[in-house]
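Student: If you use mature numbering (1 follows the signal peptide of the UniProt record, and there is no 0), the sequence shown corresponds to residues -19 to -1, 1 to 540, in order.
Each hint should be verified, as a subset may be incorrect.
[Said to hold, decoys possible] Restricting the straight-line Cα-Cα distance to at most 30 Å, the calculated cross-link-like pairs of lysine-lysine (DSS-like) are:
#1 K316 x K329
#2 K385 x K200
#3 K520 x K329
#4 K148 x K328
#5 K181 x K520
#6 K385 x K193
#7 K274 x K286
#8 K357 x K316
These are calculated hints, taken from the structure and not from any lab test.
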Amino acid sequence: MTHFYALTMLILLCTHIYWKINTCVKKINFAERESEHKRKDSDVQDDFDVDPISMAMELLSMNFYGKETEKLEELGTMGGSEGMEHIQEHPKEEHEDKYNRRESQKKIESEGFESHEGTSKEVQEEEAKETQQHEIEPKKDSSLLVYNTSYKSSVEIDKAILHDFVKSINKSNALLPIYSSYYIEEILGAGISGEESISKLHEEYPINQSKKINFKNLKFAFGTELESLRGVDEEHLNNALFFDDFFVCNLNDFLNETIVGKFSLAEVNSYYNEGSIKLIQCNADILKYLSSKFAQFNIENFLSKNMGIYLGRNDDSICRFWNSKIPLIQEHTMKDLTFLGNLKINKKSRNVTYGEQQELRQVIYNGSRNSSYMIKKLSVYEKRIEQIEYDLGLLLQIFPINMKYLRREVAIITCIHYTLSYSVELVKPLQSNVMNKDIIKNRDFYYVSSCLNELINNLEILEFNSELYNIFIEIYPSFDKHYPRLNSFQDITSVFSFLVVKLHFTVVIFNTVKLFSKLDMCTVDIAYYRENILAVYNKIITDAQTSLRDAQDLIKELT
C-alpha cells in the first residue's frame, strides 16, 4: 500500500512538472508571435529590396549624382488605397509649372532702396561700382579700415554637396503647393488644440506640457534658477536646449546627434550659412493671411519692402560705410595740403610759376569737389543708418526677442525650416498616391508615419526653444497647435496640407530672424563707423575745405 501511495505521488508530481513546462513553452511561443506581429510594421525596411520612401528624400538629402528628378517621378507610381474615400484638397493652382517662372526671378526687386540711399541715380551707379571694387583694400598705412562682417563657417564643406543642397532647398520651396488665404484657416483646423484633444494626444504620443520658457534670462527660464545653469555665462546660455522645465542639454550636442535624412542638424546649419541661404521667397497668400490677422503690423508690406534691401544682395553694401574713392580723396587732399604749404614758403623768396598757378586752380577744383562729395556721402550714410535703426526698432517693437540669444535663435529656426521641409517631402509621395487614387501599401504608410512622429518630436523640441517662434504663435494664435499625426489613410491630405502651411509660416519666421541677424550685424558696423571711421571722414572734409580756402587766398594774392 505504501509503495502504491508513493507511485501515485510520483505520477502526480511528474504530471504537474510537464504541465508547467508546457504552459511556459506556450507563453513563450505566444510572446514570440506577438512580438513578430508588432515588428512587422516597424521593421519593414528589412523586407525592402529598395526603400521606396527614401527616394522621396532625394530632393533634400540627395545622392548627388543628378538622379533626383527621375526618382521623384517614379514616386508617383507607388500606390494609394483602393476604395479609399478621396479627400478634397484646396490648392490655389498647380505649382509644378510655376517653378521656371520663380527660378527666373533670381533678382529680388529692391523697391525702397533708393529711399535708404537718399541719393540720385548717379550716386547709386557709383555705389554699384563700389560693390565691384569691394575686394580692393586701401594701403596698409591708411587710417581707413575695411571690415568684412559676413559670417564665416569653420567647417570644411564639399562644394558639390553644398551646391546640390542649396539647389534642393530652393527648388523644394518653389515647388510647394499654394493654398489661398481662404483655405489656410480650414487647413490649420487639422492641428491639435484644446485641453481635451491635447490630453488625448498626450496619452498616445507623450508631449511636452511644461510652461513656456522665459527668454529674458535663460538661467531663470521657468521662474527659478536651474541648478544645471548656476554659474553659467551668457556664451554657454546661448548653447542651452530645454527639453522641458527640468532637463537641459547642450544645443550643439543635440544638433550634432540629431540626424534628419542624411545630414545632422549641425551640418544643416553649416550648409545654410556657407550656401548663403538667407532669403527664402515667402508665399504671398500666407503673408496676406498673417496681415489680416494682426492689423497693428502689416508684415506683408514690411517683408516685401525690406527682404530685398537687406537679404537680397550678395554683398554687405547696405551696412558698409566705405568706398574705394574715399582713400583716394584722402591721399590727394594730403598732397594738396603739402603743395600749398611748400608754395607759401617758396613764394616769399621767388615768384610763383605759371605751372604752380595752374596747380593752384586744380587744388581749388579738388577741394570743392572732394568736400562736396564727402558731405554728400556722409549724409547718405546718416540716412541709411537712420533707416536701419528704425527698421530694427520696429521689428523689436513687434517681436521683442532677447538679442543676446540671437545666434541660438538663428540656428534653431534654420533647423525647424529644414526639418519641416524634409517632413513635407516625406509625406509627399503618399499625398500623390491619394490624389491619383493609387494603392498605398501598409508598410509604406506605417514607415512614413513612424518617421514623421520622430520628426515632429524634434520639431516640437526646437519650437519650444525658439523665442521668435513663440512670439509669432502668440501674435498669430491659429498656428499655436500641436502637429496632427498620421493614424490612417484618411489623415494623409489633412496632415500634408497642415505641414505645407506650417512650412510657409516658418519661411516667414526664417526671413524675419535673418532680418534680425542682418540688422544686428549692421548695428555693429554702425557703432564701429561712429567710433572709428566718422572722425576720419570729418577730418578729410576739414582738410579738403582748408585746401580750398588756402588755394583761393593764394590766387587772390597773385591777381
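Student: Work down the list of hints and note, for each, if the structure agrees.
Tutor: Structure-based check of all given hints:
With a CA separation close to 21 Å, the supplied pair K316 and K329 stays within the 30 Å bound. With a CA separation close to 13 Å, the supplied pair K385 and K200 stays within the 30 Å bound. Between K520 and K329 the alpha-carbon distance is near 29 Å, which keeps this suggested pair within the 30 Å criterion. The hinted pair formed by K148 and K328 fails the criterion: a straight-line CA distance of about 69 Å is larger than 30 Å.
Between K181 and K520, the direct Cα distance comes to roughly 71 Å. Violation of the 30 Å bound is thereby established for this hinted pair. Between K385 and K193 the alpha-carbon distance is near 19 Å, which keeps this suggested pair within the 30 Å criterion. Restraint check: the Cα-Cα separation between K274 and K286 comes to about 20 Å, which is no more than 30 Å; the hinted pair holds. A threshold of 30 Å between alpha carbons decides the hint, and for K357 with K316 the separation of about 22 Å falls inside it, so the pair holds.
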